[in-house]
Amino acid sequence: MTETKTPDRLRVAIVDDEEPARALLREYLAAHPEVEVVAECANGFEAVGVAAEHDVDLLLLDVQMPGLSGFEVLELLDRDVAVVFVTAYDEHALRAFEVHAVDYLLKPFSAERLGQALTRARQRLGRPQPGLAGIAAAARPPGVPLTRLLVREGPQVHVIPVEELDVAEARDDYVCLRSRGREYRKQQTLAELEARLDPGKFVRVHRSFIVNVERLARIERYAKDSRLAVLKDGTKLPVSRAGYSRLRDKL
Amino acid sequence: MHPILAYRGRLGPYLAAWVPLGGLLTGLLAIAGSPWGEAAAIAFPMALIYGFICLAAWYPCKSASPHEVPFPRVIATQAMAAAVSAMLWLFLVDTWVVLLEQIPAFAKATERFPRLVPMILAVGVVLYALAAALHYLLMAFEEARRAERNALELEVLAREAELRSLRAQIDPHFLFNALNSISSLTGSNPAAARQMCLELAEFLRESLRVGGVASIPLAEELALTEKYLAVERARFGPRLRVEREISAEAGTCGVPPLVLQPRVENAVRHGVANLVDGGFVRIAARRSGDQLRLTVENPVDPGVAAKPGEGVGLANVRGRLAALYGQEASVEIRRDGDVFRVEMVLPAAPAQAR
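In order, the protein sequences belong to chains A and B.
Per the numbering used here, the very first residue in the first sequence carries number 1; after that it's consecutive.
Per the numbering used here, the very first residue in the second sequence carries number 252; after that it's consecutive.
Bear in mind the hints are in silico, worked out from the structure with no lab data behind them.
Quick caveat: nothing in here was measured; it's all calculated off a predicted structure.
Backbone N, C-alpha and C define an ideal beta-carbon position, used for all residues, glycine too.
Please note: incorrect hints may appear among the correct ones.
[To be verified] Estimated spans, in silico, between C-beta atoms of each pair:
| # | chain 1 | residue 1 | chain 2 | residue 2 | range |
| --- | --- | --- | --- | --- | --- |
| 1 | A | A111 | B | R456 | 44 to 52 Å |
| 2 | B | G438 | A | T189 | 40 to 48 Å |
| 3 | A | R171 | B | L459 | 55 to 63 Å |
| 4 | A | K201 | B | R400 | 32 to 40 Å |
| 5 | B | A481 | A | H32 | 27 to 35 Å |
| 6 | B | L459 | A | L125 | 42 to 50 Å |
| 7 | A | V213 | B | R456 | 30 to 38 Å |
| 8 | A | K201 | B | G438 | 43 to 51 Å |
| 9 | B | D589 | A | P145 | 36 to 44 Å |
| 10 | B | R456 | A | L146 | 36 to 44 Å |
| 11 | A | L125 | B | I497 | 27 to 35 Å |
| 12 | B | I497 | A | P145 | 35 to 43 Å |
| 13 | A | P33 | B | L449 | 16 to 24 Å |
| 14 | A | K201 | B | I497 | 38 to 46 Å |
[Claimed, not checked] The following residues of chain B were derived to be distant from chain A, with all beta-carbon distances above 12 Å:
| # | residue |
| --- | --- |
| 15 | A444 |
| 16 | D528 |
| 17 | Q542 |
Chain B extracted, bound-state conformation (with noise of 0.2 Å):
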């Protein structure tokens, strides 16, 4: 893009800039002779002229970039366009002159102009280059914004690629597992295989169908939750015990999507599966205010430490929703005791319509 023509006002600064230099051409006519009336009529015109005949240093600056031309031809590139631009300008102020000649008082203009010609080219010239300069000038300016532009914008999908692969992460550990217990159904009870298959195939299809969305309502979020427990309970049988505690009000807000469900997730691997007679995992939402509370808690086996790793997963979700929150949205970790809880606070508002 034309660093100067492609901008609202850049056009009527660049040509203002031409005035001054209309003044300084009336000078020099003057010295070479013409009358002052006379140099002002040729020199201001002249200079306005120029003025657009130098916006096409555009052309050669653009194809004589110095970062990809070697430097001798820059040189001979600008040195051509410059001789092109002195010779047309040379050109159409000689037809200005023959123009002016009409007018009685300027009638000499045509007999003096012989006398100018030198100097209009070498005029020409000077002025072509702090043109020239001035457009590599703008450019350069372009394209550091463009690249920082690029930069910011890089950074934006480098995001949004990092949270859609923890949205995609699904535990092998949980897949390997749900299919051995179907594979065990499948002989001793053919109806509850084929129940499991068709949960643990809606837990895989919604899991995949909300990674592409950017909110979806609580109440979506917990119905996945659901069908991950299910597959669990197949598993684990009466060892996994769940509580909920959702209020109506909080169902209709809008979350991220696997904001909750990989925490009831890890509720059940660190938890329930790590404690010889199961425990519960007790999953709360409620909405106070502008702030929605979603809570997971889980026991922990007194005796075991927190494994390392363990604090991968609630790193990513504080990420995610830092970054898409800001400072209002919060998660707290705490372990009272042998029971391990995660909170997690973020703006109540509604679903966004999809």
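Isolated chain A, as found in the complex (with noise of 0.2 Å):
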């Protein structure tokens, strides 16, 4: 007889819009008894939702979905779970997942291919994950500036149109983002997110400070070399020197 390891437990949620997916994830994950599936959502809303509030290990995650994509799933996930890839077909999400090295399925794949992508999300739980973000970023067709923001207050998630978005400010380790008078806080840098947003809508005035071009009154001066935008809801924004040569370059 030989002598074999119990396998640690592992935490699964499933999340995939169509019920046929599902199921065939589930008679699949049936077969490894260290396995147990702690939810299925059919969107990624609830995937989100599911992520915070349960101790999930590993997301079996659908790339297409209605509402969340996978990818928007992704950036909103607190980073310790392991993340495997379920996709059909997306020119753009392989070339993401080769270069993250972050394991994917294609369907349609055999129960071996589970068993293989569940031991490589072993090997790895408990590690950092490889850029999450990076990932998203990567799948994303290049040159096509973010048409909404994703917020994540615990398990529910604000879905924020662009061109609602009045200001954005860096805080100390996040981003406030201030829109339709309320403030929203998320988990990135003011330079990921500029680099993200359609530069001829969004302007860095100031170091601390990205604003809608759209919701600028006027620009004060108020000493020799330093200016103040004047929003139409009367918020009062500083303006760098930097900043201001880039907003005359817009307007």
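Using the hints, put the two standalone chains together into the complex.
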């Protein structure tokens, strides 16, 4: 009799908008006694909620889903969840997976292939995930600016269309987004955000501020080399010298 | 093909052009000392004979085309041809003069002939050169016309190839997802898995078949669309709701194959598949007078702006209908709030017999 090591338990959430696809994963996973399916989600919003509220080790995540895509889910996850993507066909996604060495299953896939993915995920568990945000960025078709911003508050996801964003402000280690009279906190740097916004509509007026050009009312000068941007709702923001020249180019 | 003999109506004017040359030759012979009557009796048949001989200039012109053969060889070939033509001419004219001699009025013709020989040879070479120039000109003209025709044919071929490739487009995403659904059903519901295999196969087979046909009855296009929807229903379940509004008389109209199914596929991909709770696909076809009106509607996520690249398929169908029907067809795309709508209008005609 050979000595076998008790396999670690693996808590898995299945995320796919198609019932047959979920059923297949369920069936394959039933052969792995160490795997516990803690949730099945039919869309990305549910997935983000489940990942926030349950102690999930691994997400089996479809890429194309209504509401939130698999990549958008990725952006909103805490970093200690392992992710295996499950996708039918997407050239951008495949390139992104290959570059970032995250495992992915191409539909249709075999039970053995899923078994390999589980093994790899288990090996990675507890180690920091390789730049998940980078995968999302790499999978995006180049040159296409963001159309909406996603912010998670606990299990809830807020979707902010970019045209509704007034100001983004860099705080300690997060960005504060102001929209529709509310403030949202997003774990991101202001430079990352700036890179993804349409440069024709958003201008970095200051080291700590990006402003929606459409919200600008006027620019005031208050000292020799200092200016203030006054928004239509009366908010005043500092404008640096470099920010002023960027603004002048745009307007 | 011979630029003169191959066309009806060219030989006549060509030979007619030799008649004034006959007059010219009459003058030359008279100057050389022949009486006018005798000169005319020799010169006009002589001109006609050379007209026929010069038709043979086509062969050296063809074999010594200045596009393909070095210029010195062109000159050498043509000089030789000119010499042979002139000699042949001289021989035939001599024969003619011997015949003429039988008529008492021209009894002295043979006697005077040797004086004419250098002139006949010189004129023969010059006229051959003119005839060769004419042949080159006509050949260049034919060449230009043929090039133009080839360009047109190529354009038509290119357009057909483009249409074929458009028709052959089957979304790989659809295919892989369908196979995944079959893989899933194989474990839980083998009968349903088999059913789905059959539906997918029928859809693919039909798509391939109609790809080679110019026009199919709308009823067939609708049947194809239903096969596609049957496959998608297995994936999306109750999230996909289909509404149909098809008038009976529309079904017999002929349509270009795969004019409707890809629109429905788009409606599923950009509508239903993007909505958390799914949605409807509304297909309408009706005939009003001599117009056939096809409409596909689907709800869209209000929060999502049009994705880049969404317009490619629609631009394709627009180009395809324009190529087939010109001004008689139109494609209208509208977004009313949360409903995306494509309306195609094409001339209502019964399907072509196959």
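Outcome of the hint check:
1. Take A:A111 and B:R456: their Cβ atoms lie about 30 Å apart, and the range 44 to 52 Å is violated.
2. The given range of 40 to 48 Å is respected by B:G438 and A:T189, whose C-beta atoms sit roughly 46 Å from each other.
3. A hinted range of 55 to 63 Å holds for the C-beta pair A:R171 and B:L459, which are about 59 Å apart.
4. Under the hint 32 to 40 Å, the C-beta atoms of A:K201 and B:R400, about 53 Å apart, miss the expected range.
5. Judged by the Cβ atoms, the range 27 to 35 Å given for B:A481 and A:H32 holds: they are separated by roughly 33 Å.
6. Between B:L459 and A:L125 the beta carbon distance is about 47 Å. The supplied range of 42 to 50 Å therefore holds.
7. Range check, A:V213 to B:R456: about 55 Å between beta-carbon atoms, so the 30 to 38 Å window is missed.
8. At about 50 Å, the beta-carbon gap between A:K201 and B:G438 stays in the expected band of 43 to 51 Å.
9. Between B:D589 and A:P145 the beta carbons are some 23 Å apart, a value that contradicts the proposed interval 36 to 44 Å.
10. Taken as a hint, the range 36 to 44 Å holds for the pair B:R456 and A:L146, whose Cβ atoms sit roughly 43 Å apart.
11. In this structure the hint that A:L125 and B:I497 lie 27 to 35 Å apart at CB is violated, the actual value being about 55 Å.
12. For B:I497 and A:P145, the hinted distance range of 35 to 43 Å is satisfied, since their beta carbons lie about 42 Å from each other.
13. For A:P33 and B:L449, the hinted distance range of 16 to 24 Å is not satisfied, since their beta carbons lie about 36 Å from each other.
14. A:K201 and B:I497 have their C-beta atoms about 45 Å apart, which keeps the hinted 38 to 46 Å range intact.
15. Its beta-carbon lying about 10 Å from the closest one in chain A, B:A444 breaks the requirement of being farther than 12 Å from that chain.
16. Remark: the non-interface label on B:D528 conflicts with the geometry, its nearest Cβ contact in chain A lying 8 Å away (cut-off 12 Å).
17. For B:Q542, the requirement that its beta carbon stay farther than 12 Å from each beta carbon of chain A is met, with the minimum near 36 Å.
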